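The numbering used here numbers the first residue of the sequence shown as 211 and each following residue consecutively.
Mixed in with the good hints there might be a few duds.
[As the list claims (entries may be wrong)] With beta-carbon atoms standing in for the labels, derived distance ranges: (1) Pro251 with Gly301: 15 to 25 Å; (2) Ser212 with Gly278: 19 to 29 Å; (3) Leu224 with Gly265: 32 to 42 Å; (4) Ala320 with Arg393: 12 to 22 Å; (5) Ala323 with Leu240: 17 to 27 Å; (6) Leu274 with Gln346: 32 to 42 Å.
Source of the hints: derived by calculation from the structure; they are not laboratory data.
Just so you know, these numbers come straight off a predicted model, no measurement behind them.
Cβ atoms here follow ideal geometry from the backbone N, Cα and C, with glycine treated the same way.
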Amino acid sequence: MSAVSICIPVASQLEGLERTLDSLVEQRFLDYEVVIADDSPDGSSESLIASYDFGGRLRHFANLRPLGTPMNWDEAIRQSQSPLIKMLLPGDRFAGRGALGRFVALLEGAPDAIIGCASLRVEDAAVRPAPPPEMQQAIRRTPDRLLLGNVIGPIGGTIHRRSAILDFDPRLRHMADVDFYIRAL
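Work out the full structure: start from the sequences and follow the hints.
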């Protein structure tokens with residue numbers, strides 16, 4: 211079993227998926243599986259996915275009907291097998307070749323931690339960076355602070371343990387990650 215499952219829910223975002231897969235291929239840490247849950251209605255991502263060689267570590271699941279966000283996130287996690295879950299959305303990229311290894315080390319070095327998050331390199335002004343350490347401490351003490359806004363960051367900037375598996379709430383499509391963080395903490 212791999213150390214970490216890279217879960218990628220996709221729905222016809224070929225350009226973003228390509229950037230994400232390119233970033234993953236460059237990683238030095240190789241003890242991972244790739245799980246793609248595919249909501250593409252026309253199978254348009256199949257040829258792109260087939261063009262990558264992850265040495266048998268990639269599993270692609272085409273959903274019979276589109277599940278939508280965040281149910282497709284749940285499907286990717288359900289199909290995964292590793293004890294650690296690293297979500298990547300199409301367009302997400304690692305900051306460098308050692309980033310995945312650092313994500314894994316983050317949780318391996320803190321056995322009681324459920325979720326780990328990292329700073330983001332902001333390439334889009336609409337993306338907020340990770341919270342400063344003092345805010346992280348406040349979140350640990352009072353997870354309800356997350357209701358004030360997503361101070362942890364988008365799901366692609368986190369890693370979590372399989373033991374924290376909670377379904378993402380489809381009613382909270384744009385806040386599904388925040389709801390997940392609150393319930394996990």
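>> Taking the earlier hints as the rules, which of them does this structure contradict?
In response: When the structure is compared with the hints, only number 3 turns out to be violated.
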